[in-house]
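For the protein sequence lines, the chains are A and B, in the order given.
Using this note's numbering, you'd call the opening residue of the first sequence number 1 and step up by one each time.
Using this note's numbering, you'd call the opening residue of the second sequence number 1001 and step up by one each time.
Certain hints may be false.
[As the list claims (entries may be wrong)] With a cut-off of at most 25 Å between alpha-carbon atoms, the simulated BS3-like pairs for lysine-lysine come out as follows:
no., chain 1, residue 1, chain 2, residue 2
1, B, LYS1027, B, LYS1002
2, A, LYS22, A, LYS53
3, A, LYS147, B, LYS1103
4, B, LYS1049, B, LYS1027
5, A, LYS103, B, LYS1137
6, A, LYS22, B, LYS1103
7, A, LYS103, B, LYS1022
8, B, LYS1147, A, LYS103
9, A, LYS2, A, LYS27
10, A, LYS2, B, LYS1103
11, B, LYS1153, A, LYS152
12, B, LYS1153, A, LYS101
13, B, LYS1137, A, LYS101
14, A, LYS22, A, LYS103
15, B, LYS1103, B, LYS1002
16, A, LYS2, A, LYS101
17, A, LYS152, B, LYS1049
18, A, LYS22, A, LYS58
19, B, LYS1103, B, LYS1141
20, B, LYS1103, A, LYS27
The set of hints was computed from the structure by calculation and includes no laboratory data.
No experiment lies behind these values; they were computed from the predicted model shown.
Chain by chain, the residues:
Number of protein chains: 2
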Amino acid sequence: MKLDFSVAVHSLLYLEEKSPEKVTSSKLADLMSINAVVIRNTLSLLHKKGYIKGTVGKNGGYILSQSFDDINVGDLYDLTIPPILSYARFITGDTDNHSIKDKAMAANMSESLTDLFTLADDHYREFYHQFTMMDLKRDLKHHGYFKALAEKKA
Amino acid sequence: MKLDFSVAVHSLLYLEEKSPEKVTSSKLADLMSINAVVIRNTLSLLHKKGYIKGTVGKNGGYILSQSFDDINVGDLYDLTIPPILSYARFITGDTDNHSIKDKAMAANMSESLTDLFTLADDHYREFYHQFTMMDLKRDLKHHGYFKALAEKKA
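Can you make the complete structure from the sequences, with help from the hints?
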């Protein structure tokens, strides 16, 4: 879900802006108008990977623990949206009631499309890996930074 | 939906195999174990774009009208899965109840992520545009063709 990725990015941007102030998960939930459970799941992932540090109890909260130059956008994408190919979604043709030749075509097609979709997804993720959170912050301040980079490469 | 793309690919492969024999939409529906309405929608798209020719009535059916070398897999992907970015899915933070600064961050983030996701989707689609249906048929016969091509480029 793209939303989990947005929550991660939004949380990091906010922690960076407030740094060195601590920010609570309920503050982030309120900021994004998102259910606190969703926020806490994402913060837990960011915490596990060492992007943020958290303290509990009174005056608890999260702070950013890595520089934006060191946080790769593709890593955040992979963390919040793990690559899972749902095979059932694109399989056409079952293995019963058909001729051996037709069954073979369906089976071979599933195998080829699985490869094709998997490789396309890898290619897709590479796109995000080009950028750090610092790039994202640049685009936030001056929209068009991503577009200009993409055009330069094309 | 990836399924629409699979249906298009499976239909073309089957028409090519049966050529010059005509194939009915109900035969294709049975072959893929897919609802006939889904099949007919996809065949209608393929027909509009001139990939297949159809005749109605008794002994009616579809035949392939282009060579596999001339049918681009990326064009089929764009045809069956048009690029539509669902903004609502990744927007965090509304425009009420928050400070001007927080609202600006949320608005800027929506704009930057829209650009990022749109460019990533363009990049994703480029992957499919590298291949023709002839390449797909090659991979069907000798699995690993796509993988080998991707590795060569990496």
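Could you work out which of the previously given hints the structure breaks and list their numbers from low to high? 12, 14, 15, 16, 17, 19
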